[in-house]
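Q: Listed below, chain by chain, are the residues.
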Amino acid sequence: MNVFARYSDYSSWLLAAEPASRLQARLGGHYRNWLTFRGNTLAMSGLVIVLGLILVALLAPLTGDMNAATHQVLANRLLPPSASHWFGTDELGREIFNRIAYGARVTLVIVTMVALIVLPIGVGIGTAAGYFGGVIDVILMRFTDVFLAFPRLVLALALAAALGPGIENAVIAIGLTAWPPYARTARAETLAIRNADYVLATQLQGASSFRIVSRYIVPLCLPSVIIRLTLDMSGIIITAASLGFLGLGAQPPLPEWGAMIATGRQFLLDQWWVATIPGIAIFFVSLGFNLSGDGLRDAFDPRSVT
Amino acid sequence: MALPGERIGRRVTSAKFRAFLLGFLRLLFTLIITFLGLTAVTFVIGRVIPIDPVLAIVGDRATEDVYARVRAELGLDLPLWAQYANYLRHLIAGDFGTSVITTRPVLSDLLEVLPATAELATISLLIGVLLGTPMGVAAAVYRGRWPDHLIRIFALIGYSVPVFWLGLVGLLVFYARLGWVAGPGRLDIGFEDLVPTVTGIITIDGLLAGNVAVFMNALRHLILPASILGYQAMAQIARMTRSFMLSQLHQEYVMAARAKGLSQWRVVWVHAFGNILVPFITVIALTYGLLLEGAVLTETVFAWPGLGLYMKNSLFNADLNAVLGGAILIGAIFIALNLLSDLVYPLVDPRARIG
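If you read the protein sequences in the order shown, they are chains A and B.
Heads up: the first sequence at position 46 corresponds to 45 in numbering that gives the first Met the number 0, and the numbers run straight through without jumps.
Heads up: the second sequence at position 150 corresponds to 149 in numbering that gives the first Met the number 0, and the numbers run straight through without jumps.
Treat each hint with caution, since some may be false.
To be verified - In silico lysine to any residue, SDA-like type, Cα no more than 25 Å apart, as pairs:
1. K311(B) / M43(A)
2. K259(B) / Q247(B)
3. K311(B) / L268(A)
4. K311(B) / I135(A)
5. K15(B) / Y344(B)
6. K311(B) / P252(A)
To be clear, the hints were calculated from the coordinates, so they are not data collected in a lab.
Isolated chain A (complex conformation) (with noise of 0.2 Å):
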């Protein structure tokens, strides 16, 4: 540990005030960032959350075999939580607990899906038109601004009924809506670097557009398109489970959060445990993912006014 000889300790090293490597420097910034993050209770607090959700989704065969999320017991349908059946059961006897721990698995999987079709979306169309300028600037935005000016659940709504209902569809349908808002800060961030000198410098080298753009500028775009993104997160969540209650999004027996409200409501005034308990389970992911965001903005963008 010959890098940290001249320091008390590897926080001393990061923090220090004159960096002897780029390394030194750049890990020392996002060592500030964390410390900013970190001394924010409500943040970490949705750091927490949004772990434990990963941790579920991860550790979901422990609370019981894959089949046990959607196979029947019928002999034990509709208990009420207890010892042995944690959130109760089901109108088909089936583990709520075990069915929320397996639905954490179809959460993650249709964040990351949609994360992964807004992202090239919105970074793309909004580096182009923020880097090319006029015309294209001006055809782009207005696109864009259409796509903006469509309310998200209704055109998703739209497109999951000409697609069909299923995980699938409802994943392309949020995608294809929640684009717009990345594409506007991707950007601003390339207008504001557009004509910095290591940009024009890379443009005498003679490297292409396409180069310049995917090289030196969308690094720069993601901090604040990844910002946006967790506060997203939320709404992109409940849109899903959303469209899951409506009957539009993931399929029964698949244990979706929403799908399961749309079950337990059946049986709401009775057995509240059916519907009330997924509920429960898309609150706080959903506040996991805002307490987050907003930490990360604060942390990142000291401009903003929070």
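Model the placement of chain B on the given structure of chain A, informed by the hints.
A: Same frame as chain A, but now just chain B:
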């Protein structure tokens, strides 16, 4: 305002007028483009669906000739742009197609269910604005102290909770267990059709007919769904108002107003709040749009016979005309709200006056 007969004055007026006209035309252009885009999207969605409309009419035993003739009658043999032009012409004439379930024109269906949604969304917005605005302002004024934390957490819960779930829990607690409010629907069975439909908004119709019992019953049905939607509106409005106010309260004119000895109330509500009116109005317009969207879910939970329930029912009967008609209507309301907020800016903020 230039005095009549003054040459310079007249020149300034005409320049101002030209600028105003230019701004207005730009707004109109944006509006038209957005509307074209909106309808293009619904047009594409209407064509992606895997059902062949020709086959649905002629059946799969029809000869090639019959198939081709019906296809031509429906205009499906034309190039895409011509089909879109046709589609657009019908839309502008108010022809949204016929609903498969009700066998009536979609537009008259939509106009019939719209008042129920408008009633729900408007009351929710009122709740949201009346409670959310003071909360946002208070949070900004007491930044970092307990009122701020309390309001932030209250708002955070508001936009983290799924509205349909909150509706179900609300029904469970306030209707089934406590009996404080009426259940799903807009009226109890005994109160239906007692007053003539004038506006379609039952609370207003009840008052117009002078029937207090109907009004009270409608109110008891309205209060829970409106509060739950209103909570979401409140969360949004409080959060945005807080951040707008924070950006104002640090400015020098606020300090100057304080130094002048103005009361805290006047500094906050007249000076600072007066300066956030433009973004504030935008947020209200956006929130109203969000409420229309939230209505789809809330109406499903509360069996509220509005636009949302209509779209949802149409959706499950593969009544695509009805679903797309609803989507266009909500989209058009979105666009109209944006336009309206653009037009209101100059009234509340002299800096936003065109020219």
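Q: For every hint, state whether the structure bears it out.
A: We went through each hint and held it up to the structure:
1. Of the supplied pair hints, the one linking K311(B) and M43(A) is violated, its CA atoms being roughly 39 Å apart against a limit of 25 Å.
2. A distance of roughly 17 Å separates the Cα atoms of K259(B) and Q247(B); the hinted pair therefore holds under the 25 Å criterion.
3. Under the criterion of a C-alpha separation no larger than 25 Å, the hint pairing K311(B) with L268(A) is consistent with the structure, at around 23 Å.
4. With a C-alpha separation of about 38 Å, the suggested pairing of K311(B) with I135(A) is violated against the 25 Å cut-off.
5. Among the hinted pairs, K15(B) with Y344(B) is consistent with the structure: their alpha-carbon atoms are about 17 Å apart, no more than 25 Å.
6. Proposed proximity of K311(B) and P252(A) is supported: the alpha carbons are some 22 Å apart, at most 25 Å.
Hint compliance for this structure: hints 1, 4 are broken, all remaining hints hold.
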